[in-house]
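Given chain A, put chain B in place with the hints provided.
Just so you know, the sequences run in chain order A and B. Per the working numbering, the first sequence starts with residue 16, numbered consecutively. Per the working numbering, the second sequence starts with residue 27, numbered consecutively.
Because the hints were derived from the structure by calculation, they are not lab data. Where is the CB? At the ideal position from N, CA and C, for every residue including glycine. Some clues are possibly wrong.
To be verified - Examples of chain B residues toward chain A, derived with CB under 10 Å:
{"id": "1", "residue": "99"}
{"id": "2", "residue": "103"}
{"id": "3", "residue": "109"}
{"id": "4", "residue": "114"}
{"id": "5", "residue": "116"}
{"id": "6", "residue": "117"}
{"id": "7", "residue": "118"}
{"id": "8", "residue": "121"}
{"id": "9", "residue": "124"}
{"id": "10", "residue": "136"}
{"id": "11", "residue": "139"}
{"id": "12", "residue": "175"}
{"id": "13", "residue": "187"}
{"id": "14", "residue": "275"}
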Amino acid sequence: MARFLLRRLVTSVVVLFGLGVVTFLMSQVLPGDPARAAAGRNATAEQVAAVSARLGLDKPVWEQFPAYLGNLLHGDLGTSVFTQRPVLSDIGDALPSSLELVLAAMLINVAIAVPLGVYAAYRRGRAADVAARLIVLFGAGVPVFWLGLMLQLVFADRLGALPLTGQLGFGREVPSITGMTSVDALLSGDPAAFSDAVSHLVLPAVTLAAAFVAVVARTVRSSMISVLDSDYITLARATGASEWRVVIRHGLRNALVPVSTILGMQLGWMLGSTVLVESVFGRRGIGAYAVNAVLQNDLYAVIGTVLVIGVVFVLANIVVDVVQLWLNPRLRQPGGSRASAAPAAEPVEPGVVEGAAT
Amino acid sequence: MTPLLELDDLRASFPGPDGPVEVLRGVTMSVAAGEKVALVGESGSGKSVTARAVLRLDRDASLSGRVLLDGKDVLGLSERAMRDVRGARIGLVFQDPLASLNPVMTIGWQIMQPLLIRGVKKKEARRRGVELLGRLGVRDADRRFDDYPHQFSGGMRQRVVIAIAVIAEPALLIADEPTTALDVRVQAQVLTLLRELAAERSMSVLLITHDLGIVAGFADRVVVMRHGAPVEQGVVDDIYARPQHPYTRGLLASVPRIDDDPSRRLSTVDEAALEGEVR
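This is chain A alone, in the form it adopts within the complex (with noise of 0.2 Å):
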């Protein structure tokens, strides 16, 4: 298992590693000058030739790039030409917050999309069905910014539920520990600053989430339906357990395999999708740093943002795969491929022990 992950471990590097050859060069050939934008609007020539030779800009491409990779190495990943400070810094301050975000709308996602999932695969083709396919679609079929002004016009605005936007209540502090608001506040052991945190995070978390329950639910309609055809879920129901123990306790982690690996990339993607929820609710994040990147042209903040939320992505694909060591005890066999590990299929049988019978 050490091995499975050290190996898990070299390859992310690489693929980081081709994540930052890309978005270089990608950074190279976007038009606009960095150097320019650094210098600011009204800079003349001379100074902007003077930013540019401090930054290594007028450097050709292939010495800036070693140059920049070394730099990476120690964890450098240049300095912002719009703040002046270090990119990683900005990123240490915007992304904790789109990660409380991104979590709370991961956690809503997985606690409606799988019941929904396993309700619907249990009585598939009956109105229940029907009905949860239709309230999924229209919940990845609108658009988030809608979906998000909708969500503040019913809860905070007529109901006056929930905030309407913001992170903390007016005069409300919580020393940074993590820099995700509710985790400090659960930390530093305020609990009127931890709900009304959750408060703040509930209406962005259910707008972020909207877009990605439907590809789960039906993820776990589908693999749900073929684990409830198979002979050993008949035959559990042939012991006589009742049909919850059958669906959920003989079933359940058997359909939860496939979905353990939409939902580790869906965590990137909610990462790189957080900015229209950001704008909307006025939280800091990664996504507006990221859009200002952008605009600014900010050669290094873009790079360091897409390279930040690289390591995300392939840290999650990391949980994803020890939860599915975890769900999947084949996989736990030494040797055992990850081609023949799939549920359905046939298993390799190296360790096989042919008892005597009779």
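Leaving out everything else, chain B in the frame of chain A:
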């Protein structure tokens, strides 16, 4: 004496694209306590549906007629009461031991389920499970109890499936082609095991098979099914020696024999001739 299981004009139909399709057209047969009955017939004759109908396992099937277990009709039971029949009164074994076991749960967990859901303590359930698995010929049963199905061979898996079916000590075991997916040597082992188990526990067995070769050495009585209804039933020796129904004759004639002239074409049931004779 009331038979243990009595099917009286059992009919089953499934929803199809053009209205319900009748799959069982009045199955009447019985299994006495301690008796081993073989239900034979070609694929699609309704053998498996009969087995599943007895336990009411097909949720979209509509059943009529009577399924009497100890004289009580299970078709009228509530879903809750039905759960006490499944596993505890009637155990079930399927054809394919690869598909019959849950790939993500240990075999021990699966073997203990019928006991655990009936309130047996975990320690006690484990003790009985290990003991039964050992009795069924799995070596190192205690150590292998926490293994997963993929770590077992086909024959060993079928023993695990049998353990799940009989651990709650049902009075009747329905074995739906339990040896079809196994190689010949393991087939013989599993059948011997089933016979011994039936004798030890005075358990009735309803063996569903299309393999007439294994019926003679195993069953006391044979029920021959065709197109969703029994066409002939009787004591094994009588059926083999003096088959009455032309279909049974055809079925018996189509079993290849070791002393057959290899140049002779294998015989099949002559459906066309049969239709004329039956109708």
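Hint check results:
For residue 99 of chain B, the interface hint is violated, since its Cβ never comes within 10 Å of a Cβ in chain A; the closest pair sits about 18 Å apart. Using the Cβ-Cβ criterion of 10 Å, the hint placing residue 103 of chain B at the interface with chain A is not satisfied: the shortest such distance is roughly 12 Å. A distance limit of 10 Å between C-beta atoms decides the matter here; for residue 109 of chain B the minimum to chain A is near 4 Å, and the interface restraint holds. For residue 114 of chain B, the interface hint holds, since its Cβ comes within 10 Å of a Cβ in chain A; the closest pair sits about 6 Å apart.
Taken as an interface hint, residue 116 of chain B checks out: its beta carbon lies about 8 Å from the nearest beta carbon of chain A, inside 10 Å. Taking 10 Å as the C-beta cut-off, the interface hint given for residue 117 of chain B holds, the closest approach to chain A being about 7 Å. A hinted interface residue such as residue 118 of chain B counts as satisfied when its beta carbon comes closer than 10 Å to some beta carbon of chain A; here the least separation is about 4 Å, so the hint holds. Interface restraint check: residue 121 of chain B against chain A, minimum CB-CB distance 8 Å, threshold 10 Å, status holds.
The restraint placing residue 124 of chain B at the interface with chain A holds, with a minimum CB-CB distance near 7 Å, inside the 10 Å limit. Checking residue 136 of chain B against chain A: minimum C-beta separation of about 8 Å stays under 10 Å; hint holds. For residue 139 of chain B, the suggested interface contact is upheld, since its CB lies about 5 Å from the closest CB of chain A, less than 10 Å. Of the supplied interface hints, the one on residue 175 of chain B holds, with its beta-carbon coming within about 8 Å of a beta-carbon of chain A, less than 10 Å.
A least Cβ separation of about 7 Å between residue 187 of chain B and chain A falls short of the 10 Å threshold, and the interface hint therefore holds. With a cut of 10 Å, the hint placing residue 275 of chain B at the interface with chain A is violated, because the nearest CB-to-CB distance is about 34 Å.
Figure legend: structure checked against the earlier numbered hints; hints not met, in rising order: 1, 2, 14.
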